[in-house]
Amino acid sequence: MGDASTVQIWLFGSSPVVAGRWYHVALVYTPDDPNYAARIYVNGVDDTWYEESDLVGNFLPNNSVPFTIGNRNGALPFNGTVDEVAFYNYALTGAQISNHWRFSWVAAEITQQPASVTTNEWSPVSLTVGASGYPNTFQWYKVGSGALTETFNPDGSRRYPNGVTNATLTINQTHPADSGQYYAVVINPLGNRTSANATVTITADTTPPTVAYATVLGTPNAFSGPTPFLVKVGFSEWVDPATAGNTTSYGLSGSVSIGSATVGASGKDVFLTTSGLLPGQSYSLTVSGVKDQAQTPNTMQPVVKVVWAPVLQQGLLWDFYPNVANGIANLLANQYYPVAPYTNLSTTVFNSQQITGGDLKNRPDFGPLGENYGCSLSGWITPTVTTNYYFFLASDDASELYLSPNADPSQAQQIAYESSCCHGFQEPGNPTTSAPQLLQAGVSYFIRALHTEGAGGDYVRVAWKMEGDPTPAASLSPISGSVLSAYLPLPAPQFNAPVLSGGQLTISWTGTGTLLESSDLMTWTPVPGNPSSPYTVNVSSSPLKFYRLVR
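Under this note's numbering, the residues of the sequence shown are numbered 341 to 891, in order.
Derived from the structure by calculation, the hints contain no laboratory data.
Here the structure is a predicted model, which means the values were calculated and not measured.
Any given hint could turn out to be false.
With a straight-line Cα cutoff of 27 angstroms, these simulated DSSO-like cross-link-like pairs (lysine-lysine) come out [as the list claims (entries may be wrong)]: (1) Lys885 with Lys645; (2) Lys645 with Lys608; (3) Lys631 with Lys608; (4) Lys701 with Lys608; (5) Lys631 with Lys645.
Construct all of the structure, not just a fragment, from the sequences and the given hints.
Structural data, given as structure tokens:
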């Protein structure tokens, strides 16, 4: 209360508030009381935890400053509803405030009973009780277990996302053990009311997990040499960390070895560190023995998937790690960094704003994940001139820039950092600008920018210039993709227009893939000899032949 410049009263209550509930709040100023000039009452009870006032004598209205409820000087808006506001020209006593609180009480009555529900394991369940009266609060119970309390699922999500003290109870990631009878107690000062029991029946999951996809990522992990590829295996459901995180559940053809298996943040993805994958080559991935997280786990049958190692292409790789507090130390300490990125994309210049658009949370495919995250923008830089180079780093929020003396990611060292936010490219001598780095023309050097985002706008950019270049730092642009490269996924193969000539049909395509043929569009087999593009066949009316490409 006050005009925030010459007259102020600071009051803090002690009770936490719960979303969806109404609270009766009263502020009282008593200038004649030498001990407590101001108090705050919540639901008829003095709830003052902290009080500080610089008022002396009577509090006189300041008509030049608006009096507001629900914000502070037009800022810090209250996320809720304010109703039934009243002003008094005298200080109410505690007894009067308590009576006012009780005056509006209305006895509770159940108006809607929770309905029984049957669903499959893992599906969410919601129960709702309706009640009239005021003031009402709620508590949900399970018969035989007592009052429900807040708890979390193995993936960190809330077991009861709406809480257990609201009119609607939602159970997330259900199991057969959740089957039973539930009821709600409506708590009201004039007497509680108990709902009828609702029966929840959860049908057990008997379907084993399947491999939804498998792919190879170019994410450098500093443990596997110059081509430190990750193999990402996506499953149809949440998988058991003990079996999915065991390297014996996976095998790769050839001389490829698997160093580790990490279950990612989604609970459905597994990342394999590898050694021996060659760019652009295909490999057979065998997956077996992985179980799901059903109450009675189901074990998958062995399956073989073909994966293709990425190839070096122009641009940089952007790896994304959600739920990371601002600060590079938090990214480095994250259990999923660097071997289990939540997702990854690519940029054509050294600027993550190509992906974030300036504020990642505004992208529908990221949404709330676009706040409090970490990322890595990495690849290789190949100069065309031998000389010393300055590197310039700018970001929102914190970032660090690493450069290797060669192509090996494991030897990269920090050369610049931004500890806060939004300073733009700075002249040499600033921590966001590196010391001169001697680079050889035609030699590729591994480079990586680490970045974390708290809230608001987000980007990380890197520029460079040769020593002696007079261009001001503020006028530099992010490094062009013409000197940047990263291991990115092979583009999908595409058919060109077929050419018919002299009773022969020539099929050609771009990209890497295997040509398959079929006579019924149901059964597909590789064309004998695994031909490369172009491929010519004689045209005939019988049997019919269909062709497609797979990678």
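Do the hints match the structure? See the list:
{"no.": "1", "hint": "Lys885 with Lys645", "result": "26 angstroms, holds"}
{"no.": "2", "hint": "Lys645 with Lys608", "result": "17 angstroms, holds"}
{"no.": "3", "hint": "Lys631 with Lys608", "result": "11 angstroms, holds"}
{"no.": "4", "hint": "Lys701 with Lys608", "result": "23 angstroms, holds"}
{"no.": "5", "hint": "Lys631 with Lys645", "result": "18 angstroms, holds"}
When the structure is compared with the earlier hints, no violation turns up for any of them.
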